Each structure stands twice: as C-alpha cells, then as structure tokens.
Amino acid sequence: MSEQAGPSPGAIQARQAAMARQHSTVADADRVLAEALASAHAVMRESVSRLDAIAAEIDRVVSGQAGPAIDTPMGAREFQKFLVAKQREIAAVVAHAHELDRAKSAVLQSLRAHYTPPAG
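Quick note: the sequence shown uses this note's numbering, first residue 432, plus one each step.
In case anyone wonders, no lab produced these hints; they're calculated from the structure. Please read all numbers here as calculations on a predicted model, not as lab measurements. You may find that some hints are simply not true.
[Said to hold, decoys possible] Distance windows between CB atoms, simulated: (1) VAL457 to SER478: 27 to 33 Å; (2) GLU530 to ALA460: 19 to 25 Å; (3) ALA445 to LEU482: 53 to 59 Å; (4) SER478 to THR503: 30 to 36 Å; (5) ARG543 to GLU520: 32 to 38 Å; (6) VAL474 to PRO504: 37 to 43 Å; (7) MET505 to HIS529: 21 to 27 Å; (8) ILE443 to SER478: 34 to 40 Å; (9) SER480 to THR503: 31 to 37 Å; (10) PRO504 to GLU530: 38 to 44 Å.
By construction, the Cβ of each residue, glycine as well, lies at the ideal position given by its N, Cα and C atoms.
With the hints as constraints, model all of the structure from the sequences given.
Following this line, the structure appears as structure tokens:
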C-alpha cells in the first residue's frame, strides 16, 4: 500500500491559485505605488520650480533691477506689499505640498496590506 507523501493535487492547485491572486494583487499595488510616486515627484518638482521663481523675483526686486525704489516711503510700502504677496504665494505652494503629502500618505497606507503575504 502506498501512502501519499506531501500535499494533494487539489491542495497544490488551491495554493497555486492563491499565489496567483497574491501576485496579481501585488502587481496592481505596484502600479498604484508607481503612479503615486511619479505624481508626487512631478508635483514636488513643480513646487520647487515655483519657489525658485519666487526667490528669483525677490532677488531681482531687492537688487533694484525691477520694482519700486525702496528708499522712499511709497516705495517701501510697495515693497512691503510685494513681499506680503510673495509670502502668500510661498504659503500656497507649501499648503499644496502638505495636501499632497496627506493624500499620498493615505494611498501608501492603503497599499500596505497588499504587500503582506497571505497566512498559510
């Protein structure tokens, strides 16, 4: 009488099917992860470019190449308005980056379970 050593063919097929589903789940999660990282990278590059442009505008005005003469009361007020406007632009860029951070963090958290191997 021969005894069967190892799992049955049905058990092997069930395990193969489970592994195929896990592979598909991980592949889908990889695509979502790649898209999330690519979009976050693109937005961050855009944010850095915008901040660099704001810095260049401020440098240009401070060096006297553009904008009001800041040695007069009216020029000083105009310069102050300019700086407040630039500060608002900077705050908007940072707020947008913070929103993106929260959104992408949520995506990454939702993907975590997809990379956990199934029990068994």
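Verification of the hints:
{"no.": "1", "hint": "VAL457 to SER478: 27 to 33 Å", "verdict": "holds, 31 Å"}
{"no.": "2", "hint": "GLU530 to ALA460: 19 to 25 Å", "verdict": "holds, 23 Å"}
{"no.": "3", "hint": "ALA445 to LEU482: 53 to 59 Å", "verdict": "holds, 55 Å"}
{"no.": "4", "hint": "SER478 to THR503: 30 to 36 Å", "verdict": "holds, 35 Å"}
{"no.": "5", "hint": "ARG543 to GLU520: 32 to 38 Å", "verdict": "holds, 35 Å"}
{"no.": "6", "hint": "VAL474 to PRO504: 37 to 43 Å", "verdict": "holds, 41 Å"}
{"no.": "7", "hint": "MET505 to HIS529: 21 to 27 Å", "verdict": "violated, 36 Å"}
{"no.": "8", "hint": "ILE443 to SER478: 34 to 40 Å", "verdict": "violated, 52 Å"}
{"no.": "9", "hint": "SER480 to THR503: 31 to 37 Å", "verdict": "holds, 33 Å"}
{"no.": "10", "hint": "PRO504 to GLU530: 38 to 44 Å", "verdict": "holds, 39 Å"}
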